[in-house]
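Student: Kindly generate the complete structure, drawing on both the sequences and the hints.
In numbering that gives the first Met the number 0, the protein residues as written are 0 to 249.
Hints listed in this document are in silico derivations from the structure and should not be mistaken for laboratory results.
The reader is advised that the hints may include incorrect statements.
[To be verified] Below, simulated DSS-like cross-link-like pairs (lysine-lysine); rule was C-alpha separation at most 27 Å, straight line: (1) LYS165 to LYS202; (2) LYS202 to LYS118; (3) LYS3 to LYS175; (4) LYS114 to LYS212; (5) LYS156 to LYS67; (6) LYS212 to LYS134; (7) LYS165 to LYS2; (8) LYS134 to LYS96; (9) LYS231 to LYS134; (10) LYS175 to LYS2; (11) LYS2 to LYS202; (12) LYS134 to LYS114; (13) LYS202 to LYS231; (14) LYS165 to LYS67; (15) LYS202 to LYS175; (16) LYS179 to LYS114; (17) LYS117 to LYS134; (18) LYS231 to LYS117; (19) LYS179 to LYS202; (20) LYS135 to LYS118.
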Amino acid sequence: MAKKHPPIIMFDLDGVLLNSRAHLLVAMQALTDSTNRWNHLVASTTTGLEVLRLVESGARARNYATIKAMMQNLVELIPSRISRILFLAKYNRTVNKIEWEYSHFFPGIGETLNKLAKKGIILGAATNSYGYRIKKWLELANLSHLIQFYTSRDDRKVLGSKPSPKPLFGLLVKMKRHYKWGRIDLNRVAFVGDNITDILAAKRARVKSIAVKSGHAYPEELSIMKPDFLLKDVNEIPSILNQLFPNMDF
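Tutor: Here it is in structure tokens:
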């Protein structure tokens, strides 16, 4: 009988490991920028977090549909099509410029990931972010040795994006090939995310789903999705390992 592979925990990046504060700062600043030609009736009751959520929900669409989805999400807030295009271009440009100064990993993430790795758990990341960004953040935080495998926006042509389960399966295949495992036991796999699409991806992949409240989704939204576990943040994962993987000795 083939030896079973170690337990696996896969993570989303933004809102789970990384506090992407720069995105929220840019969204808040955008609301004060009159050049965006807002629908002021709507903008007057809209928060920076709500603008961010509109942009993020579009970013989860599949490759060629991403911009179209973002544009549609913002149509009520910015009626002018040209103004929406200019807003998105400026938004992305500004985030890319300031995020390395204002964003950061949540407190305790390095310690938590080290705890999990020392217990023999294999770690990975499945995110809609670009590969170069994941690589740079992991290097800056000295976490590259803990998260060696990831799927990213660079893989969209082949794997699509969440809520499809394919990015999760693609990540498992990378691990399987590297470690030369046999069949993957999905009962020994979990995915951690901060939004609805993450939980959907986990459920469709038939792996265990862990939702964390550290991102931009409302807790009520996460509860409705009925994840296997709903936690405050990633730092609570070590305390549920015996429930998450009940046949393992931690």
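Student: The structure should be examined with respect to each hint, and the outcome stated for every one.
Tutor: Tested hints:
1. LYS165 to LYS202: 12 Å, holds
2. LYS202 to LYS118: Roughly 25 Å between the alpha carbons, so the hint for LYS202 and LYS118 holds.
3. LYS3 to LYS175: 12 Å, holds
4. LYS114 to LYS212: Within the cut-off at roughly 21 Å; holds.
5. LYS156 to LYS67: 17 Å, holds
6. LYS212 to LYS134: 24 Å, holds
7. LYS165 to LYS2: 25 Å, holds
8. LYS134 to LYS96: 17 Å, holds
9. LYS231 to LYS134: 26 Å, holds
10. LYS175 to LYS2: Holds, because 13 Å separates the two Cα atoms, which is no more than 27 Å.
11. LYS2 to LYS202: 26 Å, holds
12. LYS134 to LYS114: With a Cα-Cα distance of about 21 Å, the restraint between LYS134 and LYS114 holds, given a limit of 27 Å.
13. LYS202 to LYS231: 20 Å, holds
14. LYS165 to LYS67: 22 Å, holds
15. LYS202 to LYS175: 20 Å, holds
16. LYS179 to LYS114: With Cα atoms ~24 Å apart, LYS179 and LYS114 stay inside 27 Å; holds.
17. LYS117 to LYS134: 22 Å, holds
18. LYS231 to LYS117: Measuring from Cα to Cα gives roughly 22 Å; hence the hint holds.
19. LYS179 to LYS202: Holds, at about 25 Å.
20. LYS135 to LYS118: This hinted pair holds, its Cα atoms lying about 26 Å apart.
Consistency note: the structure conflicts with none of the earlier hints.
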